[in-house]
Amino acid sequence: MSVTSGSVTAASETHRVGRIQSFAGRRRFEGWLMVAPAIVVFLALGIFPLIYSLVISFQRRDLMRANTNEWVGFANYSKALRDDRVWNALQNTIGLTVFGIAIEFVLGLGLALILVDELRGKRFIIPILMLPVMMVPVIVALIWRMLWDNQYGAINQILSWIAGHDVNIVWLLTDKNRSLVAILVTQVWQWMPFMFLIMLAGLAGISPDLYEAAALDGASWWHTFRDITLPGLANVIAVAILFRAMDAFKIFDLIFMMTKGQPGTSTETVSWYIYDRGRQALEMGYAAALSFLFLIFVTIVATIYISRFLRGHEA
Amino acid sequence: MSTLAQPIGMNADALRQQRAHRRRKRLTRALRYAVVLIALVWVLFPIYWIVSTSFKLPAELLRNPPVWIPQEPSTAHYRTIMEEKGRVALKNSLVIGVSATALSIVIGSLAAYSLARFRTGGRHLAFWILSQRMMPPIVLVIPFFLLLTELGKRVEQLGVDRYPPLIAIYTMANLPFVIWMMRSYFAGVPAELEESALVDGSTRWGVLWRITLPLTMPGLIATATFAFIFSWTEFLFAVSFTRTESVTIPVVIAGLTGAQGSNWGQGAALACIATAPVFVLGLLVQRHFVRGLTLGAVRG
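The listed protein sequences derive, respectively, from chains A and B. Just so you know, we're using the working numbering here: the first sequence kicks off at -18 and counts up by one. Just so you know, we're using the working numbering here: the second sequence kicks off at 10 and counts up by one.
Misleading hints may appear alongside valid ones.
Here are some of the chain A residues that sit facing chain B, going by a computed Cβ distance under 10 Å [to be verified]: (1) M15; (2) R42; (3) P113; (4) I120; (5) Q132; (6) A215; (7) A221.
Restricting the straight-line Cα-Cα distance to at most 27 Å, the calculated cross-link-like pairs of lysine-lysine (DSSO-like) are [claimed, not checked]: (8) K241/A x K60/A; (9) K34/B x K103/A; (10) K100/B x K162/B; (11) K103/A x K157/A; (12) K60/A x K157/A; (13) K241/A x K94/B.
Derived from the structure by calculation, the hints contain no laboratory data. Here a beta-carbon is modelled for each residue, glycine too, at the ideal position from N, C-alpha and C.
Please put together the full structure from these sequences, using the hints given.
Right under this line is the structure:
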């Protein structure tokens, strides 16, 4: 009796295991089938062009001259490392990214701290503050180029009122630092709300119990901020800076619209310089090599950042 | 209750303290409003500037010091730009944006469902997809330009200045975003709900179509809106792969406003036409904004 029942159980057990396995197998097959179209798109439009570009980067491909496709080894790469314009562009890109994000972060967090508690009209204030994020960067650049204009712009006019005498500063195209400041402010205008919105969401996620406990302990505003708010926001800050930096590092539209790298080549950024070499000077091999160096640089920075600040955090 | 009870047994000292406390609170609130007001002016002034510019005729447009409120507002710029260039740009941006959004939503949602429900490829696949978004787009400009020039010689529709290449590129560029967003929305649908329907004999596709998709519809709409806004605002690929026929709005605006003062009015008019619908769309899905900005990492 017991023997038969045991063998019956064993039989049904193997049957069930088999069914579960085939079920899991089908699920896995279905799963990959659903991902397949996306992977095909990435391979065809992301990975393949990348490999193609790697090949080109070892060639001299000057579309202005005869299309020779001559193999030159690492010549494009060694030229890039000795090119002053590359280093200047990298410096500008890093500077605009670091200063831009620092200002956006401080202003955005400050504004979020002010607006996290109830305030009349908050429902209408927040949507207005998010408008710049939705705008076309080219349009933002157009607006600010009109505002920065030394003759017809409002900025010099407002500065004149403040100074009490006529201010005529040529912001764009004549001086490197003034141009970069103009670009920086323009960028901050569009992206400060990005930091603000994310910080606001992060602040709303911190448990009010913590603040109550701190208030009972008689903690000062600064101590509460340092010991509760900042640690509570740490992950959100790390994510916000990562996404913002990924975007800021690509900066191209503002340069195209506001300075085109001028005066001279002093306000070029990496994306602008590569575009200038490739799409305008048609030095495809060199531009491809520059893109690869840029990609390697971005990958290294991103990897270090993610492993340092986002470890254990399921993005 | 406590506020009512307190004043009865209160001595002068406590009363003074309470008054000081209340005064400080009122001061803080006034300060908060002041900062908010500055922020609102800071955000709205440039937007006001382009709207007012679009109504200024050259006489007011190019005046020093500038005119803040147009004295003779005119819709001339709107009419001029919409006669040709603006209309073409709007049509191109719309066709390219809608096509790329539809494609990326279909392809991306399927992949996202698979990642969320079957954990296909584990964390590695999800992060590989995310890493596609981290790639600076300029890296793809050079190879795409050469490939499109070659392809265009064989199949005209696949060359530079045609719709299909831009639609394909925007679809690819949108995919990581769509997949990560939709993955986070799909993960919010309890698996038990689907399993009970599966036990009742529905197929996987039936479950996805009739149960999961309706539940994630708000998220899907928000994701589609953001994908559309991306295509609508993208400039680098558009300026690299178009010339005259498939130029999008940002390219036309950039082309119009090359030098100081040149066609600022027309550029501003087109900018206003291009921005208004995006504001409306964006405000409709504002609840999803924070999620959208961080690819689902931070929930608003």
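Going down the list of hints, with the structure as the test:
no. : hint            : in the structure
1   : M15             : holds (4 Å)
2   : R42             : holds (8 Å)
3   : P113            : holds (6 Å)
4   : I120            : holds (4 Å)
5   : Q132            : holds (5 Å)
6   : A215            : violated (12 Å)
7   : A221            : holds (7 Å)
8   : K241/A x K60/A  : holds (23 Å)
9   : K34/B x K103/A  : holds (18 Å)
10  : K100/B x K162/B : holds (26 Å)
11  : K103/A x K157/A : violated (40 Å)
12  : K60/A x K157/A  : holds (25 Å)
13  : K241/A x K94/B  : holds (23 Å)
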